[in-house]
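Peer 1: Sequence:
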Amino acid sequence: MPVGENVKLQAVIVILVVVLGATASAQEGALPRLREAAKANPGQLSAQLALGKGLVEAGRYKEADGHYKRLAKRHPDSPEVLFEAVGVDLAQDDYRRGRAACAKLQRAHPDHVLGHVCMARAFLTWRRSSRAFEHIDKAVATDPKNIEAQLTRADALRIQGRFDEAAKAYKALLAADAGHADAHLGLGLLARVQNRKSEAVAELRKALERAPEDPDVQLELGRALLDSGDAKGAVEQLSRAQTGRRDFGAPALELHIAQLQVGDAAAAEAGLARFLKEHPKHPVATAHYGSALVTLGRADEAERILSEALSLAPHDFDTALALAKLYEATGRAEQAFTQYRSAADLDVRNAAPLIAAARLGLALKRPLLSGALLDKALSRAPDSAEALALYGDALSARGEKKAARDYYQKALKGQGELDRAAVRKRIDALR
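Numbering follows our numbering, with no gaps: position 108 of the sequence shown is 91.
It is worth saying that the hints were derived from the structure and are not from the lab.
The beta carbon of each residue, even a glycine, is placed where N, CA and C say it ideally should be.
Check each hint, because a few of them may be wrong.
[Said to hold, decoys possible] Derived lysine to aspartate or glutamate pairs resembling DMTMM-like cross-links, with alpha carbons at most 20 Å apart:
{"#": "1", "residue 1": "Lys264", "residue 2": "Glu219"}
{"#": "2", "residue 1": "Lys121", "residue 2": "Glu63"}
{"#": "3", "residue 1": "Lys215", "residue 2": "Glu400"}
{"#": "4", "residue 1": "Lys22", "residue 2": "Asp48"}
{"#": "5", "residue 1": "Lys45", "residue 2": "Asp94"}
{"#": "6", "residue 1": "Lys396", "residue 2": "Asp411"}
{"#": "7", "residue 1": "Lys264", "residue 2": "Glu286"}
{"#": "8", "residue 1": "Lys189", "residue 2": "Asp230"}
[To be verified] Computed beta-carbon distance windows for the label pairs:
{"#": "9", "residue 1": "Phe146", "residue 2": "Glu284", "range": "40 to 48 Å"}
{"#": "10", "residue 1": "Asp358", "residue 2": "Gly144", "range": "49 to 57 Å"}
{"#": "11", "residue 1": "Arg409", "residue 2": "Thr321", "range": "49 to 57 Å"}
{"#": "12", "residue 1": "Arg18", "residue 2": "Ser290", "range": "49 to 57 Å"}
{"#": "13", "residue 1": "Ala159", "residue 2": "Pro25", "range": "28 to 36 Å"}
Sequences are here, hints too, so could you generate the full structure?
Peer 2: Below you can see the structure in the form of structure tokens.
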């Protein structure tokens, strides 16, 4: 996917996570514990609200709606009950119902901070951050120390792209409440949309420590891990997110992409086929479905799918790379080299197409070509253990033993996956 489109996609993801509710704390697996606590403490409002939040987080919206209605009858004067009940509507992206419920809260409690926070959250659901600030300012003026008001303000700043102000607001929230998972979630999302990958993972891990059963945190950590190249970790977190919430479609595509990256092409193919039934003509899913078919050796079907993907997104990097792999798998070497170069041109920061082409060149006993490709690959990823080891192979094939040993040694200190035992054997063989 081109960089610009990826940034747009991340921005949409950022908005969606924010508006689903201010505090997330439970998933499907946590519901038995929350139900038991609510049953054992029928008069304890905090236990009842925790169950309501858990039902929303688990995607049990109808049950959550009924729970909050019963709770409102028992606590007719509680602004907290009305506020949390709105989360059922906002989690389903229903701006109109949410705004109507917020208006009801404001009529019942005109001077309460939660009425303003509620309306701000509704406007964020409607993607109207400027309108949200009208109510955020009132909320902060009413109660400057209110946690929900502070979080909503930080989220709105992030959505508007005021990143420095947003970071400062999240950190101020953590100074007031060090255990606040959503502040770390916000910082993680902020770092991710700015392409600060390691920082995003670190903040989202902190969020997960504080809310280990939160599907939204699991989802965003999975996405961040996938961005940073940890496909195995991404599969774990994205799988947990899907398990934690009923009919949670959000992590599905990323999960299947991660499955493909860790080598589980069969699971990826099956999952992507299901995804495409619900989202036909999705360019990213189509491209990865074609790539899964290539890996599974279903060449004819893969070529048809990848041709469709190219028609949907002619300049898509994933499609171009998958098509190159298809040409290689079907013995069309020259077409493969051309296509690998085309894929490399589509994402000038990505070394993967050049590394794959170099590996093909070595298999065809063309070390000079491989060396030229690896020069470009290492200009993009100078610490890539895989590229450094392949460069050693190319030099070895050309009879340059000393230079080959040097590159093998660099590869052992490089980054990324590498069969280091095999590299050490190559070094020994050159002595």
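Peer 1: Mind checking the alpha carbons of Lys189 and Asp230 for me, to see if they're no more than 20 Å apart?
Peer 2: Outside the cut-off at roughly 26 Å; violated.
Peer 1: Between the alpha carbons of Lys22 and Asp48, is the straight-line distance 20 Å or under?
Peer 2: holds (17 Å)
Peer 1: Given the range 49 to 57 Å, decide if the beta-carbon distance of Asp358 to Gly144 lies inside it.
Peer 2: Given about 38 Å between the Cβ atoms, the range is violated.
Peer 1: Does the structure keep Lys264 and Glu286 at a Cα separation of 20 Å or less?
Peer 2: Between Lys264 and Glu286 the Cα gap is close to 16 Å, so the pair holds against 20 Å.
Peer 1: Between Lys396 and Asp411, does the CA-CA distance stay at or below 20 Å?
Peer 2: holds (17 Å)
Peer 1: So does Phe146 sit 40 to 48 Å from Glu284, Cβ to Cβ?
Peer 2: holds (44 Å)
Peer 1: Do Arg18 and Ser290 keep their Cβ atoms within the hinted range of 49 to 57 Å?
Peer 2: holds (51 Å)
Peer 1: Falls inside 49 to 57 Å, the C-beta gap from Arg409 to Thr321?
Peer 2: violated (30 Å)
Peer 1: Does the hinted range 28 to 36 Å hold for Ala159 and Pro25 at CB?
Peer 2: holds (31 Å)
Peer 1: Regarding the pair Lys121 and Glu63, is the alpha-carbon distance no greater than 20 Å?
Peer 2: This hinted pair holds, its Cα atoms lying about 18 Å apart.
Peer 1: Quick one, are Lys264 and Glu219 close enough, alpha carbons at most 20 Å?
Peer 2: Violated, at roughly 27 Å.
Peer 1: Verify the proposed pairing of Lys215 with Glu400, using a straight-line Cα cut of 20 Å.
Peer 2: Roughly 12 Å between the alpha carbons, so the hint for Lys215 and Glu400 holds.
Checked against the numbered hints given earlier, this structure breaks hints 1, 5, 8, 10 and 11; the rest are met.
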